[in-house]
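Which chain is which? The protein sequence lines are A and B, in order. The numbers in the first sequence follow UniProt numbering, run straight up by one, and end at 248. The numbers in the second sequence follow UniProt numbering, run straight up by one, and end at 338.
I should point out that these hints are in silico values taken from the structure, not numbers from a laboratory. Built from N, CA and C at the ideal position, the CB exists for glycine as well. Don't take each hint at face value.
Stretches of chain A that chain B covers, calculated by requiring three or more beta carbons in the stretch to come under 8 angstroms of a beta carbon on chain B [as the list claims (entries may be wrong)]: (1) 105-111; (2) 150-164; (3) 200-206.
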Amino acid sequence: MRSTFVPQIAALLGLLFLWEAVVLAFNVPAHVMPTASAVLQDIGTGAALIGRGVARTLLETLLGFAIGAMVGFAFGAAFAWSRALERVLFPLFILSQAIPVIAFGALVVMWLGNGIWSKVAIAAYLTAFPVTVNTCRGMRSVDPQRVALLRSFGAGDWRVFWSLQVPFALPSIMAALKLGISLGLIGAIVGEWFGDTVGLGILLLQAMYMENMPRLWAVILVCGVIGIALYALMEAIERRWVWWRPEL
Amino acid sequence: MMGVVKTVRRAALALGTLAAAAAIATPAAALETVSVRLKWVAQAQFAGVYVAKAKGFYEAEGLDVTINPGGPNLNAESLVASGSDSFAVGGGIESLMASRDKKLPIVGLGMMHQRTPYVFVTMNDSGIKTLKDFKGKKVTTFFTGAQHTLNAMLLKEGVNPADVTITAQAVSMTPFISKEVDVATVTLYNELNVLKARGITNVTVFAPDDYGISVPRDVLITSEKMIAEKPKAVQGFLNATLRGWKYAIQNQGEAVDIVMAAAPGLDKAHQTAMLAEAGRLTIADAGTTKGIAALDMDRLKGAHDLLLNAKVINAPVDFATAFAPQFWDAVPAADKKM
Numbered sequence: 001m002r003s004t005f006v007p008q009i010a011a012l013l014g015l016l017f018l019w020e021a022v023v024l025a026f027n028v029p030a031h032v033m034p035t036a037s038a039v040l041q042d043i044g045t046g047a048a049l050i051g052r053g054v055a056r057t058l059l060e061t062l063l064g065f066a067i068g069a070m071v072g073f074a075f076g077a078a079f080a081w082s083r084a085l086e087r088v089l090f091p092l093f094i095l096s097q098a099i100p101v102i103a104f105g106a107l108v109v110m111w112l113g114n115g116i117w118s119k120v121a122i123a124a125y126l127t128a129f130p131v132t133v134n135t136c137r138g139m140r141s142v143d144p145q146r147v148a149l150l151r152s153f154g155a156g157d158w159r160v161f162w163s164l165q166v167p168f169a170l171p172s173i174m175a176a177l178k179l180g181i182s183l184g185l186i187g188a189i190v191g192e193w194f195g196d197t198v199g200l201g202i203l204l205l206q207a208m209y210m211e212n213m214p215r216l217w218a219v220i221l222v223c224g225v226i227g228i229a230l231y232a233l234m235e236a237i238e239r240r241w242v243w244w245r246p247e248l
Numbered sequence: 001m002m003g004v005v006k007t008v009r010r011a012a013l014a015l016g017t018l019a020a021a022a023a024i025a026t027p028a029a030a031l032e033t034v035s036v037r038l039k040w041v042a043q044a045q046f047a048g049v050y051v052a053k054a055k056g057f058y059e060a061e062g063l064d065v066t067i068n069p070g071g072p073n074l075n076a077e078s079l080v081a082s083g084s085d086s087f088a089v090g091g092g093i094e095s096l097m098a099s100r101d102k103k104l105p106i107v108g109l110g111m112m113h114q115r116t117p118y119v120f121v122t123m124n125d126s127g128i129k130t131l132k133d134f135k136g137k138k139v140t141t142f143f144t145g146a147q148h149t150l151n152a153m154l155l156k157e158g159v160n161p162a163d164v165t166i167t168a169q170a171v172s173m174t175p176f177i178s179k180e181v182d183v184a185t186v187t188l189y190n191e192l193n194v195l196k197a198r199g200i201t202n203v204t205v206f207a208p209d210d211y212g213i214s215v216p217r218d219v220l221i222t223s224e225k226m227i228a229e230k231p232k233a234v235q236g237f238l239n240a241t242l243r244g245w246k247y248a249i250q251n252q253g254e255a256v257d258i259v260m261a262a263a264p265g266l267d268k269a270h271q272t273a274m275l276a277e278a279g280r281l282t283i284a285d286a287g288t289t290k291g292i293a294a295l296d297m298d299r300l301k302g303a304h305d306l307l308l309n310a311k312v313i314n315a316p317v318d319f320a321t322a323f324a325p326q327f328w329d330a331v332p333a334a335d336k337k338m
């Protein structure tokens with residue numbers, strides 16, 4: 001298992017080396033693109049600060065993701081269960097996704113205040129949509145013959161749901177969760193832009209407006225690493241517990 | 001007659017009972033919980049507020065103040081109008097006027113920056129010596145209000161703004177530094193320091209105030225509801241905030257440390273420079289002759305007329321309801337006079 005990460009790490013190191021070499025070779029000014037070493041050095045000097053930001057943003061992301069995944073699962077299952085419900089509510093879901101999340105900024109702050117919950121809400125909001133869509137689609141794709149078979153053994157709705165529909169939908173739900181956790185991270189960062197003093201989003205804002213380029217790139221790099229780590233976590237969960245593929 | 005006396009006595013009794021009940025329910029030490037929304041992220045631009053909190057000035061006025069930082073896409077005026085926040089360090093006079101024009105129930109209590117906090121800059125070698133030279137040049141500015149100031153300046157110098165290529169300015173100063181644009185807009189407390197930090201000092205500055213145009217900014221606002229229901233809290237907030245600012249201007253190193261403690265991601269050198277400039281804007285003109293955050297009504301009327309001409313506001317705004325100068329007038333001189 002461990003050996004599979006070697007090529008990825010090699011690729012990352014290679015990219016950093018290339019970055020450094022290109023910036024030095026073309027004498028790119030620091031305010032356009034700082035060297036990789038300057039960025040890594042900034043991560044080193046700002047470690048305590050960035051660490052605090054990571055802890056905060058990660059907490060917002062995971063809470064938002066958990067809530068969004070649960071809400072998405074509930075709505076997806078409800079839509080799969082009732083076409084009428086889907087017809088009434090699903091257009092609202094699509095509508096909500098068509099509105100840029102920043103438009104909700106002031107509202108979220110008015111409703112949930114300036115604390116962590118406004119960020120969690122935005123992370124959850126972004127996570128929920130793909131989970132809803134994929135849960136519904138996954139559950140709908142169950143072979144009706146299997147449902148008939150299970151029912152012939154006397155299974156009720158609940159039994160069909162847990163024994164057939166959920167396992168059948170899980171691979172597609174997992175695909176949505178992988179997408180959702182990245183969206184949750186974006187939601188948490190954007191949420192911090194509605195006012196806070198800690199978090200990666202705030203560090204990003206501060207660096208941007210003071211044109212502190214090494215810090216800006218340091219935070220971008222850290223966000224990227226977190227994004228990859230969260231994705232890898234979801235992949236590991238999938239490999240461990242949701243290894244089957246629906247036969248289509 | 002007896003009836004009236006009886007009613008009055010009964011009312012007095014009821015009031016007395018109420019007062020006693022209130023006294024029991026809220027001991028003298030209980031603080032009124034209020035919040036102040038900043039129009040931007042925590043930084044030295046708001047040092048006075050952070051100092052007032054850290055130094056216990058708010059507490060001394062009976063207030064428990066929560067400072068809520070702002071950010072992009074967050075409108076301090078609407079958060080105060082909705083009651084989500086009790087007070088705010090809002091945008092400029094233009095934000096207050098536009099909000100009043102839209103019937104938002106917010107009221108100006110004081111004006112932190114007595115002069116326009118932004119200026120227009122050009123490189124010394126750009127060939128631009130006067131505003132007349134802006135003709136045919138590329139100018140970027142903040143489209144959140146500064147464009148109207150620029151237009152007014154140009155018109156005053158006989159330049160038709162249509163003859164100048166004016167576009168919205170992005171976050172970065174790089175297009176100006178790399179000379180893609182001839183003139184850029186900078187705030188004295190932030191972007192100008194960014195330029196200096198990058199070693200760019202050979203710039204010519206065009207300040208609106210030198211052309212008789214003033215757009216004071218960073219207005220302290222509250223809601224009509226707060227003024228009607230909690231005038232004591234409003235007075236206390238203003239007293240303590242101005243005291244905080246006076247302290248911050250007189251003890252800038254300590255004030256920067258207080259801001260840095262609240263928002264540790266900040267750059268100290270940058271914040272020190274920011275506070276110095278914010279302090280200068282605060283004690284400019286009426287800020288010294290009258291006191292910190294004084295409402296210089298003549299100057300505010302000038303800005304109002306500019307906004308009306310630019311059609312930022314559709315109708316004249318009634319200053320009697322847009323401002324509540326009685327609170328500033330009642331701030332002890334020791335808190336506001338430098």
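Okay, the hints, checked on the actual structure:
Residues of the region 105-111 of chain A lying with their CB closer than 8 angstroms to a CB of chain B number 4, which satisfies the three-residue condition for coverage. Coverage of the region 150-164 of chain A by chain B is violated [criterion: at least 3 residues with CB-CB distance below 8 angstroms; count 0]. Under a criterion of three residues with beta carbons nearer than 8 angstroms to beta carbons of chain B, the stated coverage of the region 200-206 of chain A is upheld, 4 such residues being counted.
Checked against the numbered hints given earlier, this structure breaks only hint 2.
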